[in-house]
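Starting from the given sequences, assemble the full structure and let the hints guide the process.
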Amino acid sequence: MSDASSTWNPYAPLAASTARALGVGAVLTVLVLWAVLTGFDLVSPNKLPSPWQVAKAFAYLVWDGENQRSLLWNATIWSLGRVFAAGVLVVAIGIPVGVLMGASTRVNAALSPLVDPFRSAPVVALLPIMVMWFGIGEWMKILFLYAGAVVYLIPLVRDAVRAVPQAYWISARDLGATPWECIRLAVLPLAMPRIADAVIVAVSVMWTYITVAEYVNAREGLGQLIQNARRFSAMDQVFAGIIVIIAFALLSYHLMRWIKGRLYPWETRV
Amino acid sequence: MTATDATQVSLDLRDIVQEYPQRDGTGTVRVIDGISLHLERPGIVMLLGPSGCGKSTLLHMMGGVRPIGTKTPTQGEVLIDGVPCHGAHDDVVMVFQRYANRPDLSVRENVAFPFRLKCWRERVPKAEAEQRVDAMIDAVGLGGHRNHLPSQLSGGQNQRVALARALVLRPRILLMDEPFGALDAQTRAEMQTLLVQLYEQNPCLIVFVTHDVTEALTLGDRVLVMSTAPAKIADDFAILEPRPRSSAWQRSTEAVRLEERILDQLHAKSSRRGSVTVSI
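Chains as they are written, first to last, in this note's numbering: chain A, 1 to 270; chain B, 1001 to 1280.
It cannot be assumed that every hint is accurate.
[As the list claims (entries may be wrong)] Take a look, some chain B residues computed to stay more than 12 Å from chain A by CB distance:
#, residue
1, 1051
2, 1076
3, 1238
[As the list claims (entries may be wrong)] Derived list of chain B stretches under chain A, where covered just means 3 residues or more per stretch with a C-beta under 8 Å from a C-beta of chain A:
#, region
4, 1094-1101
5, 1117-1123
[Stated by the list, open to error] Interface residues of chain B toward chain A, partial, derived using beta-carbon atoms under 7 Å:
#, residue
6, 1064
7, 1065
8, 1088
9, 1090
10, 1104
11, 1114
12, 1149
Calculated from the structure, these hints are not laboratory results.
Being a predicted model, the structure only gives us computed values, none of them experimental.
Glycine included, every Cβ here is placed at the ideal spot set by N, Cα and C.
Printed below as a string of structure tokens:
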């Protein structure tokens, strides 16, 4: 089973059960390592809280019996709302712009210098500017998430459109399609699966920026929760918060992948 | 004038010259050198020549989509029904070797695709379009595959879809760019038989590019043999034998002589190519 030829073979089929076992095994190994490191006081709890401390902090965040409240629920709702609002903006503006850039080499030549460099720009450094422009309210946070994600989405959408083989465009043109019909009826439908992939990437990017977005003047939110915990040196809560963000990012990733598979069942069969 | 108009169609090429800028800089390569042709409907005209000779380029000028960024033709004029033609023509439909079937659409949606375009919605009422699509799917033998995706079909079946999508418009000129070139011999023979059947039901002018001598002799009313570098019409003859052409005829002295005639021509031209290389 695990002879050299099937280990170092990128095309070797892998049973779902084996894949799951390997994945779960790796996570458990890290957890055990973590427990050993902290359990035997090999690392100071101020630097690395033990798994059970994190679990306890998580339980506290989920339900704070003393104050009859769920910090986590509240924070999650706020963060989800911000990601969702920014996501709507990203999709509503990023997809049309990306499609226009993909559909026309001229539009692309004009807009690409305005968009592409920002992929490698330090978006985090934009935060002070965003604060100056949009204040410290809710709009600043949403627009920051939007700016961080849309610079990824636009180039990906453009590339998705340009990746559609020219044969479909030529064929539609030959049948008498107008240039716009070629884009709308022939090229765009074939670009949709990759555009969906781009949206999935953009949402992942927003989850990574949520802590930064909630750095300034946030009263609620997962990022704020982590900031706050850090301020009081509650490392266990910091860890719990990070794990929750990762969990939500993963959940939304798989949800979107599933939706994409339902929307474009033909893609996997090409 | 509509596509259903069953009257004569004429296709004229006048002194067609095609040049491309040379890759390494200043000069130009002449790919097609002064071709003049007069084609009339109905009939199957076979355009035969070695690969890379420019026959596909010539085909695209006959009312198909012209290359983007290059003036095509460099000199000369294409006339359809005596009217100069500068690009994709409404009465001309092309079938490509790589059939360009949409992977996201079912067989039926693929065949019905042209009727989603404004120019065909205006010309053909919806009810008639639906009826034509269904009839054509049956005619190409895909009645049992209406809801299948192209990825679920074989190469030959995919080419049937492409053929149906073209013929559903009842074009007066059908351009075929090595449509059966990628199919195995058995499937190719089936497709040739199908094409002849469909042609008999609804004759139009078919210009068929191939590099397969047998295919030219099986299908053609008229065979044009092209030379290469630059391309000229090297030979032009008619085949009067009615279709479908039996295998007995394929072995007859007449067919064998024609085959030798074509092969001699192709061989003579290709050995005279010298050091000129052409890339399109």
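Hints versus structure:
1. The Cβ of residue 1051/B sits about 19 Å from the closest Cβ of chain A, beyond the 12 Å cut-off, so the non-interface label holds.
2. Separation of residue 1076/B from chain A is adequate, the least Cβ-Cβ distance of about 21 Å exceeding the 12 Å criterion.
3. A cut-off of 12 Å between C-beta atoms confirms that residue 1238/B is not in contact with chain A; the least separation is 29 Å.
4. Three residues within the 8 Å Cβ limit are the bar, and the region 1094-1101 of chain B against chain A gives 4, so the coverage statement holds.
5. Look at the region 1117-1123 of chain B against chain A: 4 of its residues bring a Cβ nearer than 8 Å to a Cβ of that chain, three or more, so the hint holds.
6. A hinted interface residue such as residue 1064/B counts as satisfied when its beta carbon comes closer than 7 Å to some beta carbon of chain A; here the least separation is about 6 Å, so the hint holds.
7. A distance limit of 7 Å between C-beta atoms decides the matter here; for residue 1065/B the minimum to chain A is near 5 Å, and the interface restraint holds.
8. Residue-level restraint check for residue 1088/B holds (minimum Cβ-Cβ distance to chain A is 5 Å; threshold 7 Å).
9. With a cut of 7 Å, the hint placing residue 1090/B at the interface with chain A holds, because the nearest CB-to-CB distance is about 6 Å.
10. For the restraint placing residue 1104/B at the interface with chain A, the shortest Cβ-Cβ distance is roughly 5 Å, inside the 7 Å limit, so the hint holds.
11. At about 5 Å, the closest approach between the beta carbon of residue 1114/B and any beta carbon in chain A falls short of 7 Å, and the interface hint on this residue holds.
12. About 5 Å separates the beta-carbon of residue 1149/B from the nearest beta-carbon of chain A, less than 7 Å, and the hint is met.
The structure fails none of the hints (numbered hints given earlier).
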